[in-house]
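Trainee: As a plain string of letters, each chain reads:
2 protein chains.
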Amino acid sequence: MDRCIVAVVTLCMVLVMVSCHRPQKPNFIVMLMDDMGWGDLGVFGEPNKETPNLDKMAAEGMLFPDFYSANPICSPSRASLLTGRLPIRNGFYTTNTHAHDSYTPQIIMGGIPDSEILLSELLGEAGYRNKIVGKWHLGHRPQYLPLKHGFHEWFGAPNCHFGPYDDINTPNIPVYRDAEMSGRYYEQFIIDKNTGLSNLTLMYLDEGVKFIQNQTLRGQPFFLYWTPDATHDPLYVSEKFYQTSRRGRYGDAVRELDYAVGEILKTLKLLDIEKNTFVFFTSDNGAATYAKTSAGSNGPFLCGKQTTFEGGVREPAIAWWPGTIPAGQVSHQVGSTMDLYTTLLDLAGVKVPTDRPIDGISLRSTLVNNAVVQRPVFYYRGNELIAVRLGQYKTHLWTFTNPIEEFNRGVDFCPGQYIQNVTTHDQIHHDPPLLFHLGRDPGEKYFIKSHTEEYMKVLPMIQKAIDEHRKHMVPGEPQLNMCDRAVMNWAPPGCDKGDNKCLTAPPSKPHLCSWPH
Amino acid sequence: MDRCIVAVVTLCMVLVMVSCHRPQKPNFIVMLMDDMGWGDLGVFGEPNKETPNLDKMAAEGMLFPDFYSANPICSPSRASLLTGRLPIRNGFYTTNTHAHDSYTPQIIMGGIPDSEILLSELLGEAGYRNKIVGKWHLGHRPQYLPLKHGFHEWFGAPNCHFGPYDDINTPNIPVYRDAEMSGRYYEQFIIDKNTGLSNLTLMYLDEGVKFIQNQTLRGQPFFLYWTPDATHDPLYVSEKFYQTSRRGRYGDAVRELDYAVGEILKTLKLLDIEKNTFVFFTSDNGAATYAKTSAGSNGPFLCGKQTTFEGGVREPAIAWWPGTIPAGQVSHQVGSTMDLYTTLLDLAGVKVPTDRPIDGISLRSTLVNNAVVQRPVFYYRGNELIAVRLGQYKTHLWTFTNPIEEFNRGVDFCPGQYIQNVTTHDQIHHDPPLLFHLGRDPGEKYFIKSHTEEYMKVLPMIQKAIDEHRKHMVPGEPQLNMCDRAVMNWAPPGCDKGDNKCLTAPPSKPHLCSWPH
Chain A
6 MDRCIVAVVT LCMVLVMVSC HRPQKPNFIV MLMDDMGWGD LGVFGEPNKE
56 TPNLDKMAAE GMLFPDFYSA NPICSPSRAS LLTGRLPIRN GFYTTNTHAH
106 DSYTPQIIMG GIPDSEILLS ELLGEAGYRN KIVGKWHLGH RPQYLPLKHG
156 FHEWFGAPNC HFGPYDDINT PNIPVYRDAE MSGRYYEQFI IDKNTGLSNL
206 TLMYLDEGVK FIQNQTLRGQ PFFLYWTPDA THDPLYVSEK FYQTSRRGRY
256 GDAVRELDYA VGEILKTLKL LDIEKNTFVF FTSDNGAATY AKTSAGSNGP
306 FLCGKQTTFE GGVREPAIAW WPGTIPAGQV SHQVGSTMDL YTTLLDLAGV
356 KVPTDRPIDG ISLRSTLVNN AVVQRPVFYY RGNELIAVRL GQYKTHLWTF
406 TNPIEEFNRG VDFCPGQYIQ NVTTHDQIHH DPPLLFHLGR DPGEKYFIKS
456 HTEEYMKVLP MIQKAIDEHR KHMVPGEPQL NMCDRAVMNW APPGCDKGDN
506 KCLTAPPSKP HLCSWPH
Chain B
6 MDRCIVAVVT LCMVLVMVSC HRPQKPNFIV MLMDDMGWGD LGVFGEPNKE
56 TPNLDKMAAE GMLFPDFYSA NPICSPSRAS LLTGRLPIRN GFYTTNTHAH
106 DSYTPQIIMG GIPDSEILLS ELLGEAGYRN KIVGKWHLGH RPQYLPLKHG
156 FHEWFGAPNC HFGPYDDINT PNIPVYRDAE MSGRYYEQFI IDKNTGLSNL
206 TLMYLDEGVK FIQNQTLRGQ PFFLYWTPDA THDPLYVSEK FYQTSRRGRY
256 GDAVRELDYA VGEILKTLKL LDIEKNTFVF FTSDNGAATY AKTSAGSNGP
306 FLCGKQTTFE GGVREPAIAW WPGTIPAGQV SHQVGSTMDL YTTLLDLAGV
356 KVPTDRPIDG ISLRSTLVNN AVVQRPVFYY RGNELIAVRL GQYKTHLWTF
406 TNPIEEFNRG VDFCPGQYIQ NVTTHDQIHH DPPLLFHLGR DPGEKYFIKS
456 HTEEYMKVLP MIQKAIDEHR KHMVPGEPQL NMCDRAVMNW APPGCDKGDN
506 KCLTAPPSKP HLCSWPH
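As you go down the protein sequences, you meet chains A and B in turn. For the first sequence, the numbering used here gives the first residue as 6, with consecutive numbering after it. For the second sequence, the numbering used here gives the first residue as 6, with consecutive numbering after it.
These aren't lab readings, by the way, just hints derived from the structure by calculation. Just so we're clear, the structure is a prediction, and the values are computed from it rather than from any experiment. Do not take every clue at face value.
Chain copies aren't distinguished; within one or between two, either way the pair holds.
[Claimed, not checked] In silico SDA-like links for lysine to any residue, alpha-carbon gap of 25 Å or less: (1) K476 <-> M466; (2) K476 <-> R361; (3) K54 <-> A296; (4) K454 <-> T298; (5) K61 <-> G333; (6) K245 <-> V335; (7) K297 <-> E244; (8) K462 <-> R475; (9) K274 <-> S250; (10) K54 <-> V373; (11) K297 <-> Y398; (12) K54 <-> A64; (13) K502 <-> D211; (14) K514 <-> D211; (15) K297 <-> H337; (16) K61 <-> A332; (17) K54 <-> G328; (18) K271 <-> G333.
Between the sequences and the hints, there should be enough to build the whole structure, so can you do that?
Mentor: Spelled out as structure tokens, the structure:
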């Protein structure tokens, strides 16, 4: 009986401590979805309206309909978010083939270079504790892992969870707890290949919530980088949301993520730290339309993941910060995932590196005052600048979907869509460039003829932005050129502990990676 | 001074009267847009989010993402709304060509038959005063006009406002005030052909608001059928909204209509009758995608106006009735414009005719309790049943966009979209029928193969609904077969008054109308 009373007193003391030591610096949560499309949220017009928590988040915060990922494919997009720099600068591209997509499968030798200054590193120096929950995708070799690049905690995997995995040609992907593996997908961390049942999203939710709770108790500002991947093929979902969506398995996964977002925001309110926590929700690239009914929706936009059409890079985006961001705002600020780098540093009072070009801008005045500044968007594919947006205009210097041979094998980046001279299977260089107005024509269907007054007025302005961009462009060392089966996750740190097992790597045979599109 | 005091006293008395004589029967406002697409509202994912009043209406009411027009083209759709019956029953179709669209241009001889019992007629008998503001489109010959079919007041036009009009081969369309013309488009009622400037939407707003005010003072229940046509090509907008949209002229028109909707709802609140007024917002058919950047958006759906793909018939739809419809609801009830007939009669306590098949159902329990009942949707084109939706499944018995000759002349109903064996230019009869799941595949891209368990389970259920439907189908006398230049609006009633002029009709030469698609 006495012990119970003591316990209650202790709890009160802790609560008082929390309220006294509330950090001055705001907390940050970046929620980065995987292959989720612009059109997957009710608030962005998904017809089944199955994202009540995200829609509420938008109603309480600021919606960004003109927000972009830095690249139409996963690893480069994620590297850019954490470096504030385009893949062409931070090295997340290939020169093996012109204008082809590349990423970090298990055989990739490269990863995030030490020379890059990550958001996590700068926030760590400023007193933040940083945790990544979910997919990393910036390289899986030991030197590239999150705890070597500014994160203090990690629960998740370095690569995608797709297969086939047989532990002979291909090891299962490890799931890390901080610096060591904790098990592997399909072994200790189950995803049922037939049903798609898995508790991973719930685990990621739990990891996020506990981190928030712990940091609140510690009174130390935090950066939670929450990157679940249930909407990346193979889709997965827990029992609770299994077969609950009107949209099939993809919708089940979205519903569970929507639930998890709601739970995280609820946690902030329960802990009374919502007014000191900036939350941003977005996705790493457009919906993977080639996965057909296993893919999400890019709404009215053209094509999807791996292309520089709007469907490949226009992202769902919501900022939430009660008391600082007025509720119910829509901002047509053209934003980028790279702006999260710059914005978070600004909000934390940390200087942005000045020794290198940074492509992100601070969205502080947008968030607080709904200010809009004009800035160009540069759409790269691999090592080539493909398109540029300025204001509501977008120009295509090149057009390219995927090679006709791949398309003929059934890989279609633009299913049900065909626009002559635009959705080309050859890499077409357009001179004069194609020009579209994204307001009148969000689907990039009707190019503005080059002899019109409108074209002749607009194109020189875009050309000027391109010239300026190219003048200062020094490409980084490409990280995604070399592959080697020996570097796969055969024996990650910690493989000798618990139920884990270390596998034997084959002999090293470095070779140029093959990127099909 | 004395007179002023008397005036104040009188006003007080009027107000007391209003509050004593508040009608028991609810007022009705049906706002029917013209060629506005599902994807044109912010709440349905239009990226520029330029419909704050409609989005607010949805937040205060009930949103219907699964709501359909009775037909993919204007006149048949409108005839069905007011009769509660499919065009095949009420005669708004042609047998001149198989499965072709038809409507009521100036040369049409037919119109709404006297044998049809219109919503306006039944509500009038029940004590309602009915006004139509805007486009009628159920026939322009004297016997077909609104005041012959249950409406007590009218301000608007019987036909579309497009040209060319030269008063020699084609008279300008009359604008009626009740039973007589008040002037003509491009003469007394200006639409600037170059800029699109026109005050028509503001006039329609004013007409609607004044009618509401008058009826409130009279204490008589009303039915306002508000059908502006600013989003039908040629688009028009007033100075106030001219060049204010991020979407070009189409967006200007939408912004002005959104404003007008807001003003009407505001009027209801100011008059304190919002709790006794059921308001429904929808559109007559999908966006006219063939008009390219002058057209609206059908969001993620396939094709547009004049087709039976979702883009042709899935409509934006919002129900609003503070105090009766709980705020912020989304209903996945599959609804139809024909349900407005049945629902309004139900809410007014009026019996639905029992001497004929009625295709609408009452949405009362949906509106009040968010109940959902399963019911099929029959998608007709002209005289042919093209497709059927049941639950989330849709089957195509036929596929057809428009003839290849027309397409080759540049008329494209599905710009930027192409789906093999689906967006066909020939009329293809599918046996077995094509089957789609609209939840997983809202774009009708991936048909479910006919040997699958899913297909074999679902198709018999749909077939049963089709058999039932056909068993009771007695097509009405087709109204849209015969054309004659003599019946054009040469000398409408009232043409001999004011500034109007009567034109001389050419000799009568009735002939079969030509319907190109």
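Trainee: Each hint needs a verdict: does it hold in this structure or not?
Mentor: Against the structure, the hints:
1. K476 <-> M466: Only inside one copy: K476 and M466 sit 16 Å apart there, 65 Å across copies, limit 25 Å.
2. K476 <-> R361: within (14 Å within a copy, 75 Å between copies)
3. K54 <-> A296: Only inside one copy: K54 and A296 sit 21 Å apart there, 29 Å across copies, limit 25 Å.
4. K454 <-> T298: The answer is between: 13 Å across copies meets 25 Å, while 35 Å in one copy does not.
5. K61 <-> G333: both (9 Å within a copy, 11 Å between copies)
6. K245 <-> V335: Close across copies (22 Å), not inside one copy (33 Å); limit 25 Å.
7. K297 <-> E244: Result: close within a single copy only, 24 Å intra versus 45 Å inter.
8. K462 <-> R475: The answer is within: 21 Å in one copy meets 25 Å, while 59 Å across copies does not.
9. K274 <-> S250: For K274 and S250, neither the intra-copy (28 Å) nor the inter-copy (37 Å) Cα distance is at most 25 Å.
10. K54 <-> V373: between (28 Å within a copy, 20 Å between copies)
11. K297 <-> Y398: For K297 and Y398, the Cα distance is within 25 Å only across copies (17 Å; inside one copy 29 Å).
12. K54 <-> A64: both (14 Å within a copy, 13 Å between copies)
13. K502 <-> D211: within (24 Å within a copy, 78 Å between copies)
14. K514 <-> D211: neither (40 Å within a copy, 78 Å between copies)
15. K297 <-> H337: For K297 and H337, the Cα distance is within 25 Å only across copies (24 Å; inside one copy 30 Å).
16. K61 <-> A332: both (10 Å within a copy, 14 Å between copies)
17. K54 <-> G328: The answer is between: 23 Å across copies meets 25 Å, while 27 Å in one copy does not.
18. K271 <-> G333: both (18 Å within a copy, 20 Å between copies)
Violation of the numbered hints given earlier is confined to hints 9, 14; the remaining hints are satisfied by the structure.
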